[in-house]
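Between the sequences and the hints, there should be enough to build the whole structure, so can you do that?
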Amino acid sequence: MSAGADTFGAVDRGRGGAFRRLSDLLFRQPRLLLAILLGPPILWVGVIYIGSLFALLVQSFFHLDDFSGLVVPELTLSTYAELLRPSNLDIIVRTVVMAAVVTIVAAFIAFPIAYYAARYARGRWKALFYLGVMLPLWSSYLVRVYAWKLILAKEGILTWLAEAFHLTWLLDAVLAIPVIGGPSLSISYIGTFIVFVYIWLPFMILPVQAALERVPASLLEASADLGARPSQTFRSVILPLALPGIVAGSIFTFSLTLGDYIIPQIIGTSRLFIGQAVYTQQGTAGNIPLAAAFTVVPIVIMGIYLTIAKRLGAFDAL
Amino acid sequence: MVAALSLQNVSRYFGEVRAVDGVSLDVAEGEFFAMLGPSGSGKTTCLRLIAGFDQPTKGHIEIYGETAEGVPPYRRNVNTVFQDYALFPHMSVLENVAYGLMVKGVAGPERARQSHEALALVRLEQMDQRRPAQLSGGQRQRVALARALVNRPKALLLDEPLGALDLKLREQMQIELKALQQQLGITFIFVTHDQGEALSMADRVAVFDKGRLVQVGTPREVYERPGTRFVADFVGSSNVLSPEFTARHGGMKVWSSLRPEKIEIAQGEDLGDGTCRAEGTVTSAQYQGAITRLAVDVEGTVLGVALPAGKQVPNKGERVSLVWRKDALHTLQQ
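In order, the protein sequences belong to chains A and B. The opening position of the first sequence corresponds to residue 10 in my numbering, with each subsequent residue numbered one higher. The opening position of the second sequence corresponds to residue 23 in my numbering, with each subsequent residue numbered one higher.
Honestly, the hints are just simulated from the structure, not real lab data. There could be a bad hint or two in this list.
[Unchecked claim] Interface residues of chain B toward chain A, partial, derived using beta-carbon atoms under 7 Å: (1) F75; (2) Y86; (3) P95; (4) Y96; (5) A108; (6) Y121.
[What the hints assert, rightly or not] Okay, the calculated bits of chain A under chain B, using three or more residues with CB under 8 Å as the criterion: (7) 221-231; (8) 243-249.
The structure presented is a predicted model; accordingly, all values stated were derived computationally and were not measured. Ideal Cβ placement from N, Cα and C applies to all residues, glycine included.
Take a look at the structure:
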């Protein structure tokens, strides 16, 4: 028996430390390991995230008493009726249109960049690509938005550049466009749009690039080999396979635009977007139910959007 | 008659690397032509030049007499079966097979009819609605084959198509491919690193080494009369014997190749004039079923010997006397 400790048996009994017994136990009971690993995050997500979301949802079915200014905790649809008043509906339509346009334009700008990075960039160029896409994310969002204010303002860099290149007439023509124009780019929908696209672009580029990265070059060669011209290969092979990435990216750009309240505050007209409406309703106005109802709008819109995307087969290639 | 395919002094350089270096060859219509070589020998690059995925640095390629340089793959009437099959993951088996017809604008019903026909050819009619991910490796291989054949190519290019299959399936596919080729009469250009595959299927074999074409011939020619030491060694692991060695053991003073199966173990009797003889020590014996492979050390040169089943196998370390007929020695150029 005493020899057992220093001879090598078929099974290494070793010393029975507590850690060793624990790791043996976890090896035999993989479900226990899974429970230990997943428990805390599920609790976190469940209680803090889903819980607060649920609280929000419930709030939207309460309403604000106009006389006392207090929230009445009774289930009612009157807050949603308020949401559908023309002034509030305007805010929703304005935000959704902006989010849709920002998403579409971001997709068009992102695709060639992502395609280049996935197909052609190697080594140093690939590193440069990641750096270029991520670098803006390392600096403060506020700083970048204010930088754009300086670029777009009446006395700003763009105006100066337009003068230097004798293109003031073009700038004036753009600003003269009804609705989206304005006294200067920094006080117009165009300005808000430009900054939205700039700020969210990385969130479109990266998923599209990841999706394209997963398309083997041999698929493109096979397509050409079977007689497809480059445009046909793009339509029939590249685009369908990149679609999950585009949809993922559009979820980011679309929902981020739907919820943002800082960019339209700093750059744009004084007309509100959903995020600003939520901010004012829960802050100065103290109308938590209406703020909650406004917050439900992006959730519902995203739900509809994803359902349509799934119906169209956007996730078939996953 | 115009050759189905003609490469004239074709080279492809990648910077300093000469992936393909001055290759000239002609492939006749309806021929089963194998390009054999180790990895990095240039055979796949050669195939890619023919398919049009890559352009030669120098030289001239003709497909049925028409110049191919500068012609993009989608305007060449050849089709490729890729090593990884390259099936479109977002399309069904039927859509994959119909792809070539679809991009050429063949009408729906006709496209479906021809695609089903091609699937029947590879015996996959029942699988037409599956996705490639739901198929086994062998089935994917057949889909890739059907997808290429449905376009009725002038030549079918196959890039190590059987490499990913297990042995049994590979042997079965070899027989099927050969039968299919004979049935359709299409020129097959088959890239492989497996000499057994090349020898058993091809009408002619081209052996590649370091970007160069070292020998072209029928499987029998290449196997029995290898031109160089490389071919002798690569095709069938022949013993490559130095001039000194052969001279010492009753042969001529030239580089020679000697097939392992041509060597026998002498039982003591004298075999007369036409034979060579050498004494050596068995260093390893590998049982492989139909044969047993011996390595015998003869004065520092290790000879491979293939003993057919039924012969008595000497033990490791045993002294043996090896004999071979003088005419089993084949002279090598270098």
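Evaluated hints:
no.: 1; hint: F75; in the structure: holds, 5 Å
no.: 2; hint: Y86; in the structure: violated, 17 Å
no.: 3; hint: P95; in the structure: holds, 4 Å
no.: 4; hint: Y96; in the structure: holds, 5 Å
no.: 5; hint: A108; in the structure: holds, 4 Å
no.: 6; hint: Y121; in the structure: holds, 5 Å
no.: 7; hint: 221-231; in the structure: holds (count 5)
no.: 8; hint: 243-249; in the structure: holds (count 3)
In this structure, the one hint that does not hold is number 2.
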